[in-house]
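Using the sequences plus the hints, can you model the full thing?
What follows is each chain in one-letter form.
Protein chains: 2
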Amino acid sequence: MSDQLIALKTRLAEVYDLNKVGALLSWDESVTMPPGGAQVRAEQSATVGRIAHELFVAPEVGRMLDDLEAHEQSLPYDSDDASLIRVTRYDYEKARKVPAGLRSEMTRLASLARNAWAGARASSDFTAFQPFLQQTLDLKKRYVDCVGGGKDDPYSVLLDDYERGMPTAEVRRIFAALKEATVPLIAAVAERAGSVDNSCLRGEFPVEQQRGFCLSLLRRFGFNEQEWRFDPTAHPFSTNMNLGDIRLATRYHTDSLGPAVFGVIHEFGHGLYEHGVSQSLERTPLCAGTSLGLHESQSRLWENLVGRSRAAWTYFLPELKLAFPSQLGDVDVDRFYRAINKVEPGFIRVDADELTYGLHVVLRFELEQEMLTGALTLDDLPDAWNARMKSYLGVDVPDAARGVLQDIHWSLGLIGYFPTYVIGSIVSAQIWEKVLAAMPDLPEQIERGEFAGLREWLRDNLHRHGRKFTPRETLQKVTGTDTVDVGPYVAYLRRKFGEIYDLPA
Amino acid sequence: MSDQLIALKTRLAEVYDLNKVGALLSWDESVTMPPGGAQVRAEQSATVGRIAHELFVAPEVGRMLDDLEAHEQSLPYDSDDASLIRVTRYDYEKARKVPAGLRSEMTRLASLARNAWAGARASSDFTAFQPFLQQTLDLKKRYVDCVGGGKDDPYSVLLDDYERGMPTAEVRRIFAALKEATVPLIAAVAERAGSVDNSCLRGEFPVEQQRGFCLSLLRRFGFNEQEWRFDPTAHPFSTNMNLGDIRLATRYHTDSLGPAVFGVIHEFGHGLYEHGVSQSLERTPLCAGTSLGLHESQSRLWENLVGRSRAAWTYFLPELKLAFPSQLGDVDVDRFYRAINKVEPGFIRVDADELTYGLHVVLRFELEQEMLTGALTLDDLPDAWNARMKSYLGVDVPDAARGVLQDIHWSLGLIGYFPTYVIGSIVSAQIWEKVLAAMPDLPEQIERGEFAGLREWLRDNLHRHGRKFTPRETLQKVTGTDTVDVGPYVAYLRRKFGEIYDLPA
Chain G
13 MSDQLIALKT RLAEVYDLNK VGALLSWDES VTMPPGGAQV RAEQSATVGR
63 IAHELFVAPE VGRMLDDLEA HEQSLPYDSD DASLIRVTRY DYEKARKVPA
113 GLRSEMTRLA SLARNAWAGA RASSDFTAFQ PFLQQTLDLK KRYVDCVGGG
163 KDDPYSVLLD DYERGMPTAE VRRIFAALKE ATVPLIAAVA ERAGSVDNSC
213 LRGEFPVEQQ RGFCLSLLRR FGFNEQEWRF DPTAHPFSTN MNLGDIRLAT
263 RYHTDSLGPA VFGVIHEFGH GLYEHGVSQS LERTPLCAGT SLGLHESQSR
313 LWENLVGRSR AAWTYFLPEL KLAFPSQLGD VDVDRFYRAI NKVEPGFIRV
363 DADELTYGLH VVLRFELEQE MLTGALTLDD LPDAWNARMK SYLGVDVPDA
413 ARGVLQDIHW SLGLIGYFPT YVIGSIVSAQ IWEKVLAAMP DLPEQIERGE
463 FAGLREWLRD NLHRHGRKFT PRETLQKVTG TDTVDVGPYV AYLRRKFGEI
513 YDLPA
Chain Z
13 MSDQLIALKT RLAEVYDLNK VGALLSWDES VTMPPGGAQV RAEQSATVGR
63 IAHELFVAPE VGRMLDDLEA HEQSLPYDSD DASLIRVTRY DYEKARKVPA
113 GLRSEMTRLA SLARNAWAGA RASSDFTAFQ PFLQQTLDLK KRYVDCVGGG
163 KDDPYSVLLD DYERGMPTAE VRRIFAALKE ATVPLIAAVA ERAGSVDNSC
213 LRGEFPVEQQ RGFCLSLLRR FGFNEQEWRF DPTAHPFSTN MNLGDIRLAT
263 RYHTDSLGPA VFGVIHEFGH GLYEHGVSQS LERTPLCAGT SLGLHESQSR
313 LWENLVGRSR AAWTYFLPEL KLAFPSQLGD VDVDRFYRAI NKVEPGFIRV
363 DADELTYGLH VVLRFELEQE MLTGALTLDD LPDAWNARMK SYLGVDVPDA
413 ARGVLQDIHW SLGLIGYFPT YVIGSIVSAQ IWEKVLAAMP DLPEQIERGE
463 FAGLREWLRD NLHRHGRKFT PRETLQKVTG TDTVDVGPYV AYLRRKFGEI
513 YDLPA
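Just so you know, the sequences run in chain order G and Z. So for the first sequence, our numbering puts the first residue at 13; every next one is plus one. So for the second sequence, our numbering puts the first residue at 13; every next one is plus one.
No wet-lab data here; the hints were simulated from the structure. Hints should not be assumed to be uniformly reliable.
Claimed, not checked - Here are the computed distance ranges between Cβ atoms for each label pair:
{"no.": "1", "chain 1": "G", "residue 1": "TYR102", "chain 2": "Z", "residue 2": "SER268", "range": "25 to 31 Å"}
{"no.": "2", "chain 1": "Z", "residue 1": "HIS265", "chain 2": "G", "residue 2": "GLU511", "range": "56 to 62 Å"}
{"no.": "3", "chain 1": "G", "residue 1": "PRO452", "chain 2": "Z", "residue 2": "ALA413", "range": "33 to 39 Å"}
{"no.": "4", "chain 1": "G", "residue 1": "SER91", "chain 2": "Z", "residue 2": "HIS265", "range": "51 to 57 Å"}
{"no.": "5", "chain 1": "G", "residue 1": "TYR102", "chain 2": "Z", "residue 2": "HIS265", "range": "51 to 57 Å"}
{"no.": "6", "chain 1": "G", "residue 1": "LEU227", "chain 2": "Z", "residue 2": "ARG204", "range": "40 to 46 Å"}
Stated by the list, open to error - A short list of chain Z residues far from chain G (calculated; beta carbon distances all over 10 Å):
{"no.": "7", "residue": "LEU30"}
{"no.": "8", "residue": "LEU36"}
{"no.": "9", "residue": "PRO179"}
{"no.": "10", "residue": "GLU237"}
{"no.": "11", "residue": "GLU382"}
Being a predicted model, the structure only gives us computed values, none of them experimental. Heads up, the beta-carbon is just placed ideally off N, CA and C, and yes, glycines get one too.
And the structure:
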């Protein structure tokens, strides 16, 4: 290996180490840190993040990349080394465009705005958050100007941070098709709302039994204590320290079974993606999922296509009934399957069912663009939110806390992030078609509690690539097309909910 | 504040942050990390440690310190800022003396030697560890040469890393006095060995009940969940992330009560010292205990002077009996007090009672010096070890695993470290005298389960100073003398064990 390549890899390994240390700091804050440690911990996290960033954007990294250009050209495009140089150059050039001053303003504002948002939500008072949201938008516009390329379409620049190479126009096209297909489907389901009863999911579900069941289910999926952890927390998440240390966390509601079980299945999908990245990419910036959309395709695949399938509960329901005999003793698979798939339009995104979820995101996607261009002023935002909730989902938003203030994202500066949730759902159905074509007996495997085949297919076709390829290149490798195609997802929704609600074909 | 002082404090805060992040990495390894994460974690820890070191020894830090010399002289000696500049200069000059190459050789060898030691101990084969110990000694000699000042007494240079300002000659004088007093005391006790029965400490002690009791005891001492954690682990330890995040860990043996209870009381003493450092010193190198000996004075004070006292168990025994009614139901305070203080010469240091513990350390102190000067070759080490164990404690060492290989310290390069354990015990008695003089009713407070007075006295007189002063200066502040004086400790041992074993005065 050339000296320059060794030098680059050494530097990138340091940056990786610090970023993963940052992930541990964050995990610890959510799972194990006593509250008294919070104030100094914020300083410690900031120090680690700042040093990692400085090491990465240092001019010598640029010189290494320049010197390695010929070497990169001499290697196959899909080799680890060529991919490392290529992706690092992309990251480096983008990171260098943002001045340190703007970056620290964004970090500082995110911290202030997050607190302001929490207070505003607690008192359901949008005006308390409004100036922070305005500042966030102003900084985002400056960010777009720095990064460049957002002249006619500033929103694409933001989207690109989360879903590289996915312009606003494409998301608009995708979401329009999704909206067109789901709005009438939701309406048809609404007419038969009473035909599905999900009362068995509410009752008394002690935390210890929920945790025991989740752990048993995770083990069956592929989790093992040698390389994974599973902890309780306030908001479900997954993170990892390296390929051999994947951490999931979920929350428990004692009166409801769904949040913990489907929360942890979702997070398992994220964890498995990170766990499956090729060992040859460890301690490089390629050692991660390639985009939020692709990541979400994995969490949604496990949560919905596996976790909300009749096949999975054919296997798991007997064990679940053992854990909660008095609540579920007389519930059969069909009733349980229908219960976990009941469609209930509501005003909270994270509580939404599979069918209505997409419209929550479409609404945010539209409002974000309008806020960014100024077509919508923040004074009018709550009303616009509420009107669109009524129009898309037929629900009346009771207050700002359960409306425009429900999500933390904007307070953290995450604008352009929401669409990736639905892109992930759509892609999960594209991938599922391919898995089924390769393993037609997958439903029977799942009915027998066998998940190794699915896991290995996903690793071979997607996970192992990490960030070597762009989202589009990766999609091409795993599905044979480089385009996000709403077709399989819409067909899946129609088939599934058509059957559950006995809709005319 | 001058620009230079701000610059220095900023740099030191970064170094502090990284060092504390290193402490979290290490805590996580011991308490929460899945084993699969170990290999990459070692790299992550090394990266953090190396960057912290590089930031600290950078030439600009030297220039800042030079520029601040006049400012330092203008401030009172005991002001925070003068102390910060003074102690930082001391640390900086020492750190700069050791070349990066030697430092990384030491780190690398410690990792290899630790594995070799673990294997050698498992097979009780000293020869498998011997070459690593020889290399460790060789590197230590090079280290002594770099640091300088070890011409006639290289061991003092090593001691100084753990107990600044404590030369070998002084430890020798202290240990000689301790040996002279304890050897006949141990002999006298041995003649009456049968008069104390500790069978009540063995039996069936389920982990959950042990943990519950330990937590209740800790809370009574001053632990609270807002700022502390308490976890199970393989080897008891305490660490902290900052003043508001103190973490204790202990192990549980289901057949024996002592290890968990006294282990965690010991670690509480360490934790309380760190917790009590003045907030004004946070994120500086002064935010820690001033030496290992002073630290150990705090753990030993809580473990032995509080934790093995009749007063403490007058309060805690009723609760302990509730946790273990069948094992302890008929045990009264006197019997329990005698049981936890039974003297039993053995060959394992960490299992030693309060009276014989010192001789385990004296033996290591002597052998370390002889190894370092070459007076003792490693071929002869196991025999020398065994002969001295026979001579000091009258025990026959059964094998190397329970003899010369029992401790991890030498494999990690910790030579000159052991003496601080006993210095701590001795100092704990000096401090205890002062506490008692200030609060003559302390035993009655303890009998009532009241520890706030003791805690506050220790914070006001010792903990809050952190590393502002040298160990000697600190000792002066807390006891009124700057000398480690074996007198109070020997008097305490004679009084305590004379009474328990009914020895002639």
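These are the hints, each one checked on the structure:
{"no.": "1", "hint": "TYR102/G x SER268/Z: 25 to 31 Å", "in the structure": "59 Å, violated"}
{"no.": "2", "hint": "HIS265/Z x GLU511/G: 56 to 62 Å", "in the structure": "58 Å, holds"}
{"no.": "3", "hint": "PRO452/G x ALA413/Z: 33 to 39 Å", "in the structure": "58 Å, violated"}
{"no.": "4", "hint": "SER91/G x HIS265/Z: 51 to 57 Å", "in the structure": "54 Å, holds"}
{"no.": "5", "hint": "TYR102/G x HIS265/Z: 51 to 57 Å", "in the structure": "55 Å, holds"}
{"no.": "6", "hint": "LEU227/G x ARG204/Z: 40 to 46 Å", "in the structure": "54 Å, violated"}
{"no.": "7", "hint": "LEU30", "in the structure": "7 Å, violated"}
{"no.": "8", "hint": "LEU36", "in the structure": "6 Å, violated"}
{"no.": "9", "hint": "PRO179", "in the structure": "36 Å, holds"}
{"no.": "10", "hint": "GLU237", "in the structure": "6 Å, violated"}
{"no.": "11", "hint": "GLU382", "in the structure": "41 Å, holds"}
Violated hints, listed in ascending order, are 1, 3, 6, 7, 8, 10; each of the other numbered hints is respected by the structure.
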